[in-house]
Amino acid sequence: MKIDTLLINNFRGISRLEARNLGDTVIIAGQNGSGKSCIFDAIRLLKSSYGGYQQNEWQQFFGEFAIQLHGGARNLSGLFNDIRKSLVIECYFRLRDSEKAYVNANAAELLETTIWQTLLPEAFQWGGYQKALFANQFRERQPEVTARVKAELPALQNELMLPELLGKIEIFPNGNISIQNCRLLSVLFANYRPRYLGVIDFHGAQRHYGREIVQGINLSLEQSNQQQGQHTLYNYNNKYNNVKSEMAGNFIKELLAEKAIARAGDSASLSQTLKELFEAFFPEKKFLGPQPTPEGSLSFPVVTPSGAVHDLDELSSGEKEILYGYLRIRSSAPLNSIILLDEPELHLNPRLIRGLPEFYRKHLGEALQNQLWLVTHSDALIREAVGKPGFNVYHMLPCGSDANASGQLRPLSIKEDIELVLADLVGDLAAYRPGGKGLLFEGGGNSDFDKTLASVLFREELRGINLISGANKTRVKALHEVLERAYLNGDLPTKFYSIVDRDSDGEVEGSKGLTRFVWDVYHIENYLLQEDVISDVLKSLDLKKHFDVNAVATSLENAARLAVPGMLQHSIRSFANSKLLSSIDLGFPPNTLTIGRDLHAAVERSVTRIQAMLSANLSEKELINKEQEFRNQFEQSFADGSWKGTLPGREILKQFVALEGITVGYEVFRNLIVTRMGELGRKPIGMKKIIDRIAAD
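Heads up: the sequence shown at position 634 corresponds to 634 in my numbering, and the numbers run straight through without jumps.
In silico DSS-like cross-links for lysine-lysine, where the CA-CA straight-line distance does not exceed 30 Å:
(1) K644 <-> K539
(2) K689 <-> K495
(3) K150 <-> K2
(4) K688 <-> K644
(5) K286 <-> K362
(6) K545 <-> K654
(7) K688 <-> K495
(8) K495 <-> K683
(9) K626 <-> K579
(10) K654 <-> K644
(11) K388 <-> K285
(12) K688 <-> K437
(13) K654 <-> K688
FYI, nobody ran anything at the bench for these hints, they're computed from the structure. Since this is a predicted model, take the numbers as computed values, not measurements.
Start from the sequences, fold in the hints, and give me the full structure.
Here it is as structure tokens:
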């Protein structure tokens with residue numbers, strides 16, 4: 001069993017979602033609060049509406065979300081994204097050939113079991129209606145059940161011939177519920193037989209691995225199935241309580257099977273898989289599996305690199321996450337199933353996450369023909385899967401973030417060059433917006449700060465736009481090259497923008513596929529020179545010195561004057577550099593046969609122009625005049641108050657921190673100013689003009 005198509009409308013954190021042509025491994029990434037886990041909740045609600053692995057399973061769903069069913073439609077409001085609209089969950093399931101063969105061979109018995117569980121829910125408690133046939137109510141209603149089986153069997157067999165099965169539930173604002181009729185889905189979802197029929201197995205994000213003492217081993221397959229069925233979709237906190245007992249049970253079953261010359265292949269496969277698991281994730285350690293002891297019990301030893309042996313319970317949370325998580329799924333032996341894993345990266349550092357998607361796909365998906373659904377916000381996990389065969393990776397947008405209402409789920413394929421470079425520059429793939437505009441911050445200094453400042457002060461305006469730091473010059477250059485190529489080919493997939501500091505003009509190469517803007521101040525840090533905000537920050541630091549707005553204004557101007565000498569040197573040096581560079585021209589005819597001679601002549605011409613420049617614009621007198629001109633400009637900026645935009649804000653803040661002896665240092669102080677501006681809702685006019693234009697374009 002697998003899901004081919006999933007459509008969800010107006011369910012909890014989901015406004016509209018659509019996913020088609022799904023493969024066997026589906027990964028959904030997105031920021032916190034985007035509604036990723038709501039996808040699993042929708043699948044569970046749909047499944048429980050058709051049938052349950054335990055008595056009144058659909059009530060378990062409402063119980064998990066503390067929804068009281070006896071209070072009328074108003075209690076269902078928590079299920080709706082918009083209470084004025086209907087909630088719709090639509091899913092197309094495709095059965096595997098082995099499942100169809102099993103249902104076809106056991107159709108009457110499966111249908112009879114489903115009907116009994118509908119008429120007499122206590123059949124679940126008996127572990128099957130056959131064990132309670134001695135009861136009067138079973139004997140009295142047997143003719144009714146037999147008649148229903150005979151009447152419904154043809155429709156069931158017809159549905160078995162369909163390529164896909166449609167499951168659909170619609171809940172109206174008034175509380176009415178409409179469920180698409182599909183008898184075969186009711187049969188599949190009411191019979192927990194994981195070795196023959198696919199199940200839907202949910203692993204929630206709250207997983208705890210406690211210590212366990214193995215005292216009793218249950219070899220009853222039927223009872224084991226009944227226990228596992230009780231927390232397949234709900235009560236999932238208990239999934240990992242008896243992992244060692246299940247391993248011990250499997251160990252004894254394998255011994256018995258080996259004696260009977262049966263299931264030897266499965267035993268070898270499981271042992272080999274466990275060995276591969278440790279080799280892949282914990283190469284320094286070795287798990288020996290359940291081992292019999294002289295005392296007649298079982299131990300679960302793990303051998304460390306030093307040769308020391310400790311029990312399985314002593315593994316770290318991250319190690320248990322991988323080992324217990326895999327063994328719990330593998331020991332229940334689900335075949336042809338849909339396995340829902342919420343945040344599989346819990347307790348894991350990026351090194352352990354590396355290789356996890358491929359391991360799960362190979363040993364839990366491909367080997368057992370299961371469809372895996374992984375919900376994550378781990379950048380490391382997404383990078384391991386994106387662009388690789390066998391994975392469908394999607395990015396989920398928060399509800400309401402997409403103005404064109406095309407759905408919250410976007411495929412993240414990263415097949416084109418531009419997508420690859422852009423995703424690499426964004427950094428966190430969980431925050432990457434496929435198809436979204438790209439905004440590149442290419443200011444001098446720390447471009448990561450430019451990105452942070454804009455995202456803090458203009459969070460809503462920049463929603464849905466990929467923010468890119470220009471700190472990595474090599475990758476930024478690659479992006480420019482790809483944009484140029486895409487522009488020339490006429491296949492630029494979206495709009496790209498760049499913002500630079502005013503002092504960066506001429507320093508950063510542009511590309512035809514990118515619209516460039518320039519801040520109206522020297523550095524982006526100039527926007528932080530707000531006396532009242534800085535005064536608030538200084539008061540929060542509880543310094544002994546008193547800082548009111550006027551004192552801060554005076555101190556900032558003094559700090560700006562201390563930055564003037566460095567600015568003066570930079571300005572006159574830039575002037576001289578531009579004059580020298582304009583004098584150099586090493587060009588010569590491209591078809592010349594005397595390259596050395598022509599290049600030498602070009603060098604001589606450049607030297608002549610430089611010597612002429614030394615006698616004119618770069619003479620001592622002219623440079624002294626230029627120095628005085630710059631000094632006059634700086635002094636004029638203090639007179640008219642324009643120094644806050646024309647002098648380097650980064651240097652002014654550094655001088656201010658040193659001048660006032662602020663102990664937290666420049667970067668911390670700068671970040672505190674940003675935080676306070678965000679709290680006050682400050683949006684500098686110069687920044688707002690540019691960002692509003694980009695957002696509206």
